[in-house]
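Since chain A is already given, all that's left is putting chain B on it; use the hints.
Protein chains: 2
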Amino acid sequence: MPKTDIARRVYNHTWKLDPIVRSLLDTDFYKLLMLQMIWGVYRDVDATFSLINRTTSVKLAEEIDEQELRAQLDHARTLRFSKKEMIWLAGNTFYGRKQIFEPDFLNWLENFRLPEYELYKRDGQYELHFHGRWHDTTMWEIPALAIINELRSRAALRAMGPFALDVTYARAKAKVWEKVERLRKHPEIRISDFGTRRRHSFLWQRWCVEALKEGIGQAFTGTSNVLLAMDTDLEALGTNAHELPMVVAALTKNDDELRASPYKVLEAWQKYYGGNLLIVLPDAFGTASFLRDAPDWVADWTGFRPDSAPPIEGGERIIDWWRERGRDPAEKLLIFSDGLDVDTIERAYLHFRGKVRMAFGWGTNLTNDFEDCAPDHNDALRAISLVCKVTRANGRPAVKLSDNPEKATGDKTEIARYLKVFGEEARVRQPVLV
Amino acid sequence: MPKTDIARRVYNHTWKLDPIVRSLLDTDFYKLLMLQMIWGVYRDVDATFSLINRTTSVKLAEEIDEQELRAQLDHARTLRFSKKEMIWLAGNTFYGRKQIFEPDFLNWLENFRLPEYELYKRDGQYELHFHGRWHDTTMWEIPALAIINELRSRAALRAMGPFALDVTYARAKAKVWEKVERLRKHPEIRISDFGTRRRHSFLWQRWCVEALKEGIGQAFTGTSNVLLAMDTDLEALGTNAHELPMVVAALTKNDDELRASPYKVLEAWQKYYGGNLLIVLPDAFGTASFLRDAPDWVADWTGFRPDSAPPIEGGERIIDWWRERGRDPAEKLLIFSDGLDVDTIERAYLHFRGKVRMAFGWGTNLTNDFEDCAPDHNDALRAISLVCKVTRANGRPAVKLSDNPEKATGDKTEIARYLKVFGEEARVRQPVLV
Chain A
12 MPKTDIARRV YNHTWKLDPI VRSLLDTDFY KLLMLQMIWG VYRDVDATFS
62 LINRTTSVKL AEEIDEQELR AQLDHARTLR FSKKEMIWLA GNTFYGRKQI
112 FEPDFLNWLE NFRLPEYELY KRDGQYELHF HGRWHDTTMW EIPALAIINE
162 LRSRAALRAM GPFALDVTYA RAKAKVWEKV ERLRKHPEIR ISDFGTRRRH
212 SFLWQRWCVE ALKEGIGQAF TGTSNVLLAM DTDLEALGTN AHELPMVVAA
262 LTKNDDELRA SPYKVLEAWQ KYYGGNLLIV LPDAFGTASF LRDAPDWVAD
312 WTGFRPDSAP PIEGGERIID WWRERGRDPA EKLLIFSDGL DVDTIERAYL
362 HFRGKVRMAF GWGTNLTNDF EDCAPDHNDA LRAISLVCKV TRANGRPAVK
412 LSDNPEKATG DKTEIARYLK VFGEEARVRQ PVLV
Chain B
12 MPKTDIARRV YNHTWKLDPI VRSLLDTDFY KLLMLQMIWG VYRDVDATFS
62 LINRTTSVKL AEEIDEQELR AQLDHARTLR FSKKEMIWLA GNTFYGRKQI
112 FEPDFLNWLE NFRLPEYELY KRDGQYELHF HGRWHDTTMW EIPALAIINE
162 LRSRAALRAM GPFALDVTYA RAKAKVWEKV ERLRKHPEIR ISDFGTRRRH
212 SFLWQRWCVE ALKEGIGQAF TGTSNVLLAM DTDLEALGTN AHELPMVVAA
262 LTKNDDELRA SPYKVLEAWQ KYYGGNLLIV LPDAFGTASF LRDAPDWVAD
312 WTGFRPDSAP PIEGGERIID WWRERGRDPA EKLLIFSDGL DVDTIERAYL
362 HFRGKVRMAF GWGTNLTNDF EDCAPDHNDA LRAISLVCKV TRANGRPAVK
412 LSDNPEKATG DKTEIARYLK VFGEEARVRQ PVLV
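Chains as they are written, first to last, in our numbering: chain A, 12 to 445; chain B, 12 to 445.
Same shape as in the complex, but just chain A (with noise of 0.2 Å):
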């Protein structure tokens, strides 16, 4: 027996390229949802995407190099949904429903492949846009993320020996093995992986994905990430992101409209979901007049994910309000997903244990948190916060409020009208750490 395998060593050495996303499932389950129906309502809108990496400090145009981005990015292109996953997707039960994606948008998604992106650098940072229709764009938030953060490891592990490689990621488990103890202790607890945007790499997100599964077991229900739900047997996991009612509201025509839109976007949402896929979204222009205006029939709807408040105060904020509705909380749902880590979580579940249901959707402190655990250059592992968002739609300005000032995005003429339509009340300037 020879002990080592001379084709695998020489194609290991000699390959041209690593890639980082390997199939276009790989990719959040909301995006899934959310593509039937901007398919299917909105196929004529165009919507631009953007990179914005709001840990400014960290010069990504001088860490990642532009050759090996523009390769992942193009290899990215090169992908089609295969056969054995378009059956998955069409044969598979999310959320409990069967068929949840209809034949004629399964039969579009079959041919779908990402469009171009533009590139170039400024002051250090990378300028990356994904111009044309919002069906094609919104793919690109995903994989763009993860390409970009896992080049960025690749860079800060690049300078390590084989060693320091060894303890960097024994540590690292050693680390998401003591948070696997600690939630351990809550088998009560629901907790999903919503990590793929920041993860550290794909084969560490599966690492931390198979880590929870088999470490808390019930109490992990599973991942948003479509390609490990299909390949380790977990729920796909997830509902829908802020890009919907910003893009709604760019492409309204006056102040009425746009006070209105946040819930023309939910009508929209229940014609193709129910459920626990009927979950709000209220901070993209401020929970507080989210929830002030909100028509009557949103009470009912099965959850919210307070997504920019601390999770105490903004759970505690949606509860009242059910109770002002006249709903019973404890039939109700609240999905926390805006920087978790063991601590919060832990929290938040003994705060609320008995009053509502839960679910945390645990992010870039599963899949990403390199914290001490490198002998050297610690500083290059640490992840940064980076998003990808809608930036224009049909031309117009999209803009994102949010109930944290830190995490708003968009023009700042429209931002200050954003204000005057929704108002500022409630909201709270937080550093935002990932």
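In case anyone wonders, no lab produced these hints; they're calculated from the structure.
All residues carry an ideal CB built from backbone N, CA and C; glycine is no exception.
It is possible that part of the hints are untrue.
What the hints assert, rightly or not - Listed next, the stretches of chain B that the computed footprint assigns to chain A, with coverage defined by at least 3 CB atoms under 8 Å from CB atoms of chain A:
{"no.": "1", "region": "165-178"}
{"no.": "2", "region": "184-197"}
{"no.": "3", "region": "214-227"}
Just chain B, lined up with the frame of chain A:
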């Protein structure tokens, strides 16, 4: 490129034996140094070596399968020194000296094989004895211990899934690296690996040795493991062990010869070796009597290895003695090797710094510290205090008194006689952990 090397996979899953000891060089260097003298001076002496499990709560015969143990011992008996190994022994420089092994000895060694063993179960423990010529049986000590310790690890690991195994080793690596980072603060410290006998496994010892090599650089002076020294270009380290005074004492005909025997051994040793190999192991029959009765030339030896007293007390006692004998401790060497871990190493180092030269032989807590690493079955991975001691020489019982009565071995009547001859002063009972 096929993803699975099918031939390797089939081979891996059908093999009969994964040998623990694969080379006769996989032993401690002092064994070879002692062997040359035993073969030269005591060629016709018989000595029996026996396994002694001082951790009686662990029932080895219940944890380790007898057939597996026999298969490993039998495999070790098939080994010969390879040509490459013989050339290296002849050509390498040890302790700054070329040709430390004489051609006659090497000619004999070339045909060496481990002698037969006697194995049976009693009261949940293994009785494992090696009878025959001292120059044959002595060579079983390290492989026998390494085999039993690794079989015990394997038995503990067998119950774990792939994920638990991954986390266990990740944690163990992270743990070693924490120790490395603490030791790095003292670049002048001198540490070597003495962990062959109690290692978790061969591969793990190799990992630990490579970790120290990369992690503390010049502060890592080498390993007692001859195979690892050869393979990783490190110094092979070690001097002599208790079996020398124990056998020589057992061969004496009366109390006066017995009293003189510890020095007779040293006289024989210094005919073979010099320099940093002139290290006194003073505690075989109690350090106090050894120092009191020592001829003056013993104070000319390079150093001492106090092996059964706490480092600081044990070291201070020897420093005082050097001063009494008019020697300058600053020119002398103390080697510490008894149950060390980072705490004790650091404390002793800071205490003796500037007063005496020091070296630390770090054993069990380097190569077998899996405390709190496994998600389950942790107890079964805890290192035990297992030794393989000479018990008879030419039919007479062999005795070790030690400075710690917990480490005494041998026939009770003989222990009483030895205590009468050497005295009991300054012996302190202390728990033996490893």
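Each hint tested on the structure:
1. 165-178: holds (count 5)
2. 184-197: Per the Cβ count (4), the hint holds.
3. 214-227: As far as the region 214-227 of chain B goes, the hint holds, because 4 residues have Cβ atoms under 8 Å from chain A.
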